[in-house]
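Peer 1: Sequence:
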Amino acid sequence: MEAFPVIDMEKLTGKERSPTMEKINDACENWGFFELMNHGISHELMDTVERLTKEHYKKCMEQRFKEMVATKGLEALQSEIDDLDWESTFFLRHLPVSNISEIPDLEQDHRKAMKEFAEKLEKLAEQLLDLLCENLGLEKGYLKKAFSGSKGPTFGTKVSNYPPCPQPELIKGLRAHTDAGGIILLFQDNKVSGLQLLKEGEWIDVPPMKHAIVINIGDQLEVITNGKYKSVMHRVIAQTDGNRMSIASFYNPGSEAVIYPAPALVDKEEDQQKQVYPKFVFEDYMKLYAGLKFQAKEPRFEAMKAMETAVKLGPISTI
Numbered sequence: 001m002e003a004f005p006v007i008d009m010e011k012l013t014g015k016e017r018s019p020t021m022e023k024i025n026d027a028c029e030n031w032g033f034f035e036l037m038n039h040g041i042s043h044e045l046m047d048t049v050e051r052l053t054k055e056h057y058k059k060c061m062e063q064r065f066k067e068m069v070a071t072k073g074l075e076a077l078q079s080e081i082d083d084l085d086w087e088s089t090f091f092l093r094h095l096p097v098s099n100i101s102e103i104p105d106l107e108q109d110h111r112k113a114m115k116e117f118a119e120k121l122e123k124l125a126e127q128l129l130d131l132l133c134e135n136l137g138l139e140k141g142y143l144k145k146a147f148s149g150s151k152g153p154t155f156g157t158k159v160s161n162y163p164p165c166p167q168p169e170l171i172k173g174l175r176a177h178t179d180a181g182g183i184i185l186l187f188q189d190n191k192v193s194g195l196q197l198l199k200e201g202e203w204i205d206v207p208p209m210k211h212a213i214v215i216n217i218g219d220q221l222e223v224i225t226n227g228k229y230k231s232v233m234h235r236v237i238a239q240t241d242g243n244r245m246s247i248a249s250f251y252n253p254g255s256e257a258v259i260y261p262a263p264a265l266v267d268k269e270e271d272q273q274k275q276v277y278p279k280f281v282f283e284d285y286m287k288l289y290a291g292l293k294f295q296a297k298e299p300r301f302e303a304m305k306a307m308e309t310a311v312k313l314g315p316i317s318t319i
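For the sequence shown, the UniProt record's numbering assigns the number 1 to the initial residue and increments by one for each residue that follows.
Be a bit skeptical, because a hint or two may be false.
To be verified - Dumping the calculated DSS-like pairs for lysine-lysine here, alpha-carbon to alpha-carbon at most 27 angstroms:
1. LYS54 - LYS151
2. LYS191 - LYS112
3. LYS145 - LYS115
4. LYS151 - LYS15
5. LYS293 - LYS279
6. LYS54 - LYS145
Derived from the structure by calculation, the hints contain no laboratory data.
Could you build all of it, start to finish, from the sequences and the hints given here?
Peer 2: In structure tokens form, the structure reads like this:
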């Protein structure tokens, strides 16, 4: 198995730009994941976010998680559980309207750091989308506009901790799934591993790297690229030692955005099968996904295809 793709973004400004862009393209086509180094987000900010997030878990969430485990009798599992995840989470919304000020128990410095981190990640997501446009031969701004609809994209963060698990062979940290949205930016623990992706029938570790941002492709990018870039199944394996931190930020289409394959990427010569993927409103996809997250994505696409005749489409303008 070839090495996990790691992209040094500093190389995008010099003579190594072309091979670096090709490496990004290959990662999107063949892995659905890659890690970014030198992405422009300061190490100091990342260290602050990590420290405050881990302190918040210890102070406000660890005891609640232990109580949940005790209530459900999870310390003494005898058989595999396939409808529960071994994780402690809370969610932040950034766009269209932030709810950071409303999250209970967060210290003010934690709110401030998460807000600044989200602003940096939003810019990085949009930069990445334009790099993907360049690789795909789409005009600059196409993917951002496709995500925006009439009210702009949605952007939010899932803050997770995966505490030590006494029987990780019987319960997953997070069950296997593809992500429903657009492009995902993950700041993961660099000491405690657990994230894996499915590649060619094998589960591959996503290596923890200090100050890296892990990128993965969501279902919506698979649709817009008409399958050139694919979302991939991934999961989190619970560990017996260490508490794994995961801060996953989702840059997604707006709820009313209409998602469909970019016309420029649809093969004009194969008229009978020129469009493989459906057209749908993102909110409709999310309603379906809510009940089918931990199942294969293909039936979701088929279900949306059956609904697409009801969707009225207008052209995506990049002006």
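Peer 1: Do the alpha carbons of LYS145 and LYS115 lie within 27 angstroms of each other, as the hint requires?
Peer 2: Holds, at about 23 angstroms.
Peer 1: Tell me if the straight-line CA distance from LYS293 to LYS279 falls inside 27 angstroms.
Peer 2: Cα-Cα ~19 angstroms, so holds.
Peer 1: Hint check: LYS151 vs LYS15, CA-CA at most 27 angstroms. Holds or violated?
Peer 2: Violated, at roughly 38 angstroms.
Peer 1: Sort out whether LYS112 lies within 27 angstroms of LYS191, counting only the CA atoms.
Peer 2: With a Cα-Cα distance of about 25 angstroms, the restraint between LYS191 and LYS112 holds, given a limit of 27 angstroms.
Peer 1: Is LYS54 close enough to LYS145, meaning Cα to Cα at most 27 angstroms?
Peer 2: violated, 36 angstroms
Peer 1: Does the alpha-carbon distance linking LYS54 and LYS151 stay inside the 27 angstroms limit?
Peer 2: It is violated: about 34 angstroms lies between the C-alpha atoms, which goes past 27 angstroms.
Violation of the numbered hints given earlier is confined to hints 1, 4 and 6; the remaining hints are satisfied by the structure.
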